[in-house]
Every structure is written in C-alpha cells, then in structure tokens.
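Protein chains in written order, with the working numbering: chain A, 7 to 543; chain B, 411 to 593.
Please note that the accuracy of each hint is not assured.
Pairwise CB distance ranges, derived in the manner of DEER restraints [said to hold, decoys possible]: (1) A/Leu-378 <-> B/Arg-426: 49 to 57 Å; (2) A/Tyr-527 <-> B/Arg-426: 50 to 58 Å; (3) A/Ala-470 <-> B/Arg-426: 53 to 61 Å; (4) B/Pro-566 <-> A/Gly-145: 48 to 56 Å; (5) A/Lys-496 <-> B/Glu-415: 54 to 62 Å; (6) A/Tyr-527 <-> B/Val-448: 31 to 39 Å; (7) B/Phe-545 <-> A/Pro-157: 55 to 63 Å; (8) A/Met-143 <-> B/Ser-516: 26 to 34 Å; (9) A/Phe-142 <-> B/Val-428: 29 to 37 Å.
Away from chain A, derived, C-beta distances all over 10 Å, residues of chain B [what the hints assert, rightly or not]: (10) Glu-478; (11) Glu-513; (12) Arg-523; (13) Ala-535; (14) Thr-580; (15) Asp-583.
Because the hints were derived from the structure by calculation, they are not lab data.
Glycine included, C-beta positions come from ideal geometry on N, C-alpha and C.
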Amino acid sequence: MSVTTHDDTHAHDHHDHGPAKGFMRWVTTTNHKDIGTLYLITGLIMFFVGGAMALVIRAELFEPGLQYVDPHFFNQMTTLHALIMVFGAVMPAFAGLANWMIPMMIGAPDMALPRMNNWSFWLLPFSFVMLASTLFMDGGAAAAGWTLYPPLVLQTGHALPFTVFTVHLLGMSSIMAAINIIVTVFNMRAPGMTMMKLPLFVWTWVITAFLLIAVMPVFAGAVTMLLTDKFFGTSFFNAAGGGDPVLYQHLFWFFGHPEVYILILPSFGIISSIIPTFSRKPLFGYSSMVYATASIGLLSFIVWAHHQYTVGMPLAGELYFTYATMLIAVPTGVKVFNWLATMWKGAMTFETPMLYAIAFVVLFTMGGFTGLMMSISPADLQYHDTYFIVAHFHYVLVPGAVFALFAATYYWLPKWTGHMYDERLGKLHFWLTTISVNICFFPQHFVGLAGMPRRIPDYAVQFAEFNAMSSVGAFVFGFSQLIFAYVIYKAIQGGEKASSEVWEGAEAHGLEWHLPSPPPYHSWTEAPAQALISDLH
Amino acid sequence: MDAKELQKANARLVWRMVVIALLMFGMGFAIAPYYDAVCNFFGISGRVKEASAEQALSVDESRQISLEFVTVVNGQMPLRFRAETGKLKIHPGQYYTVNFYAENTSDKKLIGRAIPTISPSWTSAYLKKTECFCFYDQEFEPHKERKMPVRFVVDPTVPADTKEMTLSYTFFDKTEKTQTIKN
Numbered sequence: 007m008s009v010t011t012h013d014d015t016h017a018h019d020h021h022d023h024g025p026a027k028g029f030m031r032w033v034t035t036t037n038h039k040d041i042g043t044l045y046l047i048t049g050l051i052m053f054f055v056g057g058a059m060a061l062v063i064r065a066e067l068f069e070p071g072l073q074y075v076d077p078h079f080f081n082q083m084t085t086l087h088a089l090i091m092v093f094g095a096v097m098p099a100f101a102g103l104a105n106w107m108i109p110m111m112i113g114a115p116d117m118a119l120p121r122m123n124n125w126s127f128w129l130l131p132f133s134f135v136m137l138a139s140t141l142f143m144d145g146g147a148a149a150a151g152w153t154l155y156p157p158l159v160l161q162t163g164h165a166l167p168f169t170v171f172t173v174h175l176l177g178m179s180s181i182m183a184a185i186n187i188i189v190t191v192f193n194m195r196a197p198g199m200t201m202m203k204l205p206l207f208v209w210t211w212v213i214t215a216f217l218l219i220a221v222m223p224v225f226a227g228a229v230t231m232l233l234t235d236k237f238f239g240t241s242f243f244n245a246a247g248g249g250d251p252v253l254y255q256h257l258f259w260f261f262g263h264p265e266v267y268i269l270i271l272p273s274f275g276i277i278s279s280i281i282p283t284f285s286r287k288p289l290f291g292y293s294s295m296v297y298a299t300a301s302i303g304l305l306s307f308i309v310w311a312h313h314q315y316t317v318g319m320p321l322a323g324e325l326y327f328t329y330a331t332m333l334i335a336v337p338t339g340v341k342v343f344n345w346l347a348t349m350w351k352g353a354m355t356f357e358t359p360m361l362y363a364i365a366f367v368v369l370f371t372m373g374g375f376t377g378l379m380m381s382i383s384p385a386d387l388q389y390h391d392t393y394f395i396v397a398h399f400h401y402v403l404v405p406g407a408v409f410a411l412f413a414a415t416y417y418w419l420p421k422w423t424g425h426m427y428d429e430r431l432g433k434l435h436f437w438l439t440t441i442s443v444n445i446c447f448f449p450q451h452f453v454g455l456a457g458m459p460r461r462i463p464d465y466a467v468q469f470a471e472f473n474a475m476s477s478v479g480a481f482v483f484g485f486s487q488l489i490f491a492y493v494i495y496k497a498i499q500g501g502e503k504a505s506s507e508v509w510e511g512a513e514a515h516g517l518e519w520h521l522p523s524p525p526p527y528h529s530w531t532e533a534p535a536q537a538l539i540s541d542l543h
Numbered sequence: 411m412d413a414k415e416l417q418k419a420n421a422r423l424v425w426r427m428v429v430i431a432l433l434m435f436g437m438g439f440a441i442a443p444y445y446d447a448v449c450n451f452f453g454i455s456g457r458v459k460e461a462s463a464e465q466a467l468s469v470d471e472s473r474q475i476s477l478e479f480v481t482v483v484n485g486q487m488p489l490r491f492r493a494e495t496g497k498l499k500i501h502p503g504q505y506y507t508v509n510f511y512a513e514n515t516s517d518k519k520l521i522g523r524a525i526p527t528i529s530p531s532w533t534s535a536y537l538k539k540t541e542c543f544c545f546y547d548q549e550f551e552p553h554k555e556r557k558m559p560v561r562f563v564v565d566p567t568v569p570a571d572t573k574e575m576t577l578s579y580t581f582f583d584k585t586e587k588t589q590t591i592k593n
C-alpha cells in the first residue's frame, strides 16, 4: 500500500535522475538537500562577515579612547553585525538543517513545496548584497542598533529604505521557509510516523515555523511605518503628528521576543537529538519536551515589554511582565533537567558533537540565569542597555544557538558527505572555541554591572582590563572558526568512509541513520518500513 | 493520500498560513488605534484631555497642589519657549491662567505644535483645560515672540495624596510637514 502511494507521488516529481551539472544546478534546484546545502553555506559565509564586523568592534574596544574607527562607523558595525548574525548566519543555518534533515527524519522524499523552497533561498543572497551596499551609501549604513528604534533610525541617510527593503525580503524568505516546513511536516510524514513519534528537531522546527509566520509580518509592518514616517508624511512614531515612538518599541519587541526563541528552539531540537545518541539512551521525557517547547512558544508572545522596563510603564505592567517572563524559566528548566536525566547513568562518549552539546547545556543555562536576573523589573533598571545585557544575549546566542549549529554540523557532516570529519581538529576547534568564548563574554558581565553602556565606542578607564581581556577572547574565537571551515572542507574532499549508522547505535534515534552516507539525491523514494518507525525511540 | 489529494491538502494548508501572515501584518497597523483606545479607556495615556467647557466647581481651599511647568523644544527647532512661572501652588476646583511665551529665533516663519504630557500619568484625567495653545497648530513670524495662555482647573476629585503634578509641553516643528501638505 505504502509502495503504491509512493509511486504516485513520484510520477509528479521532475527529478527521476541525479542532479544537473554545473552552476545552473544550484540556481534552478528544487532538491531539499541542494537547497539545504546552499542555506548552510550562506550561513557560514555570513557568520564570517558578521564575525569580521564583531572584530572591528572588539578592536576599537581593546583600549579606552578612539583608535581605529569613528563613532558613527562603530555604530554601523554594531547594527550590521547583529542584523547579519541573526538574519544571515543563524536563521539560514537553521533553515539549511531543516531542509536537509526534516524530509529524511519523517520519511518523505523531499519538501512539500520545492519551487517555493528555491525562491525562499534565492531571496537571501540578493537581500544581503543590498544590506552590505548600504555601507557605501551617503550617510552610511543604519547605525541605530538592530532594533532600528525611531527617532534615531530616521536620521539614517540613503540607507534607510534599503535597510527596510532588506528586512522585507528576509521576512518573505523566512515566512515561505516556515510555510514549507509546516506543510511538509503536516502532510508528508511516512505512514506510521505520528506527531508524537517525530524527532524533537522536527517538533522544535514546527513550533519555530509558527512563530515565524506570526511575528515576521509584524516586524515588516513596523519597518513599513518607519518608511512612511520618513518619506510619506505619516506620524506613526512622531509625537508632533500624534504618534508615539514607544509604539515602535512595542511592535518591535512583539516580533523581537518570539524572534529570540526562533533562534534558540531549533537548537533545543538539535541538542535533544545529540545527547541521547552519545549517552546511548532514549531521550528522557520526550512528551514533556514537546509540551515544554510549545509552552515556550506560546509564552514568547506575552512577555515582550520586559525589553522596555525603562520606558515608563505603569506599575501593573512592570509586575505583569516580570511574572510572565519568570514563568518561562519553568519549561526551560524542564528541558535542562531532561537533558541531564538523559545523560544520567548513560554510557557516554565524548566525540565533538557531544562536547558541543554538553557545553551548550552548561553555558546556555548560564545565559538563561542572567535572563532571569533581568526579568526582575526593579533590578533591570540597573542592567538596561549595559554590557550586562550584551553578555546575556551573547551567552544564549553564541554558546547557545551557534554551539548547537557546530554540534549539528559535526553530528550530521558524515551523513551529508559520506566521510568522517577530522576528530582531532574537531576537538581542537571545540576547546579553542569554548575557552575563548568565555574569555570574550564573561568579563562583559562585570563591566555591565559596573555601568558600562552598550553601543559606545569609548569607555571609562576603569573598564580597560576587562575590555582588553574580552577583545583577546574575541580574536581567538574568531580565528578558531577557520579550523571549523577547514574541517568541513576536508570532509567534503574525502576521508574515512562513514557507515550509514555513523554513530554507534544511532539507528534507534532517527530515520536519517537508515539511509546510506551520503544519502541518495532523493531520500525516501519508497516510504520507510513500519518496523523501522516503530523501533525508534 | 494519493498525489492529487496531497497537492490539494498542501495548497489548503499553504493558504491558511498565508492568511495568518496577512492578518498578523494587519495587526501591526491595527495595534496603534487599539492601543490608544485602551489607554484612553483606562486613563493611562498620560495625555491631557481635549478642551472641556468651563463649569463652576467647588474650590477646595484646604488642599494645595504644587504644579510644575516644563517646556521642551524637540530637535533643532529654533524656538525659545518658556512659561511665565516655573511652579504654581493651586487649589483643586479653582481656575487659573498661565501664560507661555515662545520666540522664533530664525529668519523663517515657523509652524509648530505643542504636545502636552502630565505626570504622574494617573493624574492626567483630572487636569481639565478650557483653553490651550496645544489644541491648534501655532504660527510664529520671524524674530517675533508670542504670548500663549493656558486656562485650566484641577478637578477636586483628584486623589487626596496628590501633592505634586508636572505639566510638560514639547514643541514639535511642523513647518516642513505643513508645507508638504499644502503643496
């Protein structure tokens, strides 16, 4: 029965053969693996571009005073660094993983909407070229921070409309990717693959996709209002015409808070796949993980104003947002507990993906705790817009989201390329990265608590030592990533052949380990046997 | 599910998702009037209400509130803006008139609009104005000063623990905007 079903679908598939040759293969491809690869490579390139900007920032902050760049350019760097890392590195990398892994994990031949998939990827390179071009425009790139708050952002020169259109294009791309993922998971699962059998990576991505569809349009609307305020005489954020700049902050953070979960939920899914494999145990508390992820997704919509405690909210608002925000610690705590319980008494080995997963659990939890500190509105008045917040969100995004991406790459690279990566180099990359990331971001907690403001190119001399330390860490971190790029290149070129299982006992953890390494161009042209699915845990 | 059914199911789901995205885009725009309505309803907008008709209220001589006036000019607008007095002791229920002065220090005609804010914000509902320059756009001839009166009363029902209030005006430059509209 399942076999005939499959042949019918296949008759409509235009690629009965392998990939076309040459450059046009990548332009016209509708194959989920090709598009996944394109996304991942884009993510990696943008990671280096955004990283180079971070190093400009850290070079300037190495010592007090103005050394290398003028303050306006410094602010362009902080703005573009953030926009590129969020929308150019982390989000495309997660979309790449989703494209590669979701069809393989749910037993589908491809994504549900292959042509839209192609379009949603190819919007990205154009939007990033447009964003990069704003650096060379009259008045420079946007320099108001990634939040693009008015009225400051309205002082941007020619770059403003281009920045806004970039956000529109990125939004369209993300929404299309999200729709594609939802349709694929809802309609393309192999027979027997029920929702509560889905690997957690798939679950977390489905919830992420719903968040994207709900909030990207709100952000698009907010930046459209910026555009009409600047050029068409509207007064959404202009008090002279009856508007209010605070409205922008509400709109932005209604998008912005779910956005930070968009950046972290797929990481939760990745870590929930890796820890069981290397602990040689099933994941502890699967269904509680699903419910915890869903609750985090829902709560993310009702806590946004904790980013705006200093805006002059009524007391009732401050109290509400404090308590609602603290509530998020509960489902997040469930997750951390489950990861620890999965490792408990497991037969653990420490290959590079597992090292990154463990570092994720430890360091992400630290970032979570500083988040809890800031959820307390009276205390937040001290932390607001200081380096403490910079330390907090870099702890959840670098050793959080980025470490999860490193872990995922090492974990699935042998599956993608068919070759084992260089374990020795992988471990070197891990230790250099983990040590340097802490040297870079840990001291920022201290200078932040002492009152060093963010987005300022100069600082008081008492912060000099910690800033110098932070800059050294940042440069070691940045250059260590060249090892990562080299490990990937080396594995693509060749190396020890990987078995289809790759990791000992991995077959029990997901359908992708039942396909050969590298997998065929079309994953499950024949739906996986029921027995395979019922044996998963 | 056969291929046709699957395609139909996919299309249906895609359209549902597109509708959600469009609704959320619209919500961004609907939130501004919604927000205004909610804030006005609860009286937490911090804005002074529009002109109210003058009516005789019982003056509460036993209470005194210290009312401060703050004048701000937004951005680079070439306006010298001040109140005739920085502070006034008032009794709830009694009408007062305070004059504000603004001088255009440039060689060009200016059109401005003053936006009032009252703090603490929960007292804003009790400050009633019968006359204010903030109700209309104001025109300033080059290098001329203008006197602009505000007539107001603080409602005697204002909570008893109100000892201090601040009335702040911010002048916004509307010259360019007004001209764009006229052209």
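Comparing the hints with the structure gives:
no., hint, in the structure
1, A/Leu-378 <-> B/Arg-426: 49 to 57 Å, "36 Å, violated"
2, A/Tyr-527 <-> B/Arg-426: 50 to 58 Å, "31 Å, violated"
3, A/Ala-470 <-> B/Arg-426: 53 to 61 Å, "56 Å, holds"
4, B/Pro-566 <-> A/Gly-145: 48 to 56 Å, "54 Å, holds"
5, A/Lys-496 <-> B/Glu-415: 54 to 62 Å, "46 Å, violated"
6, A/Tyr-527 <-> B/Val-448: 31 to 39 Å, "55 Å, violated"
7, B/Phe-545 <-> A/Pro-157: 55 to 63 Å, "24 Å, violated"
8, A/Met-143 <-> B/Ser-516: 26 to 34 Å, "30 Å, holds"
9, A/Phe-142 <-> B/Val-428: 29 to 37 Å, "36 Å, holds"
10, Glu-478, "17 Å, holds"
11, Glu-513, "19 Å, holds"
12, Arg-523, "5 Å, violated"
13, Ala-535, "14 Å, holds"
14, Thr-580, "7 Å, violated"
15, Asp-583, "7 Å, violated"
Hint compliance for this structure: hints 1, 2, 5, 6, 7, 12, 14, 15 are broken, all remaining hints hold.
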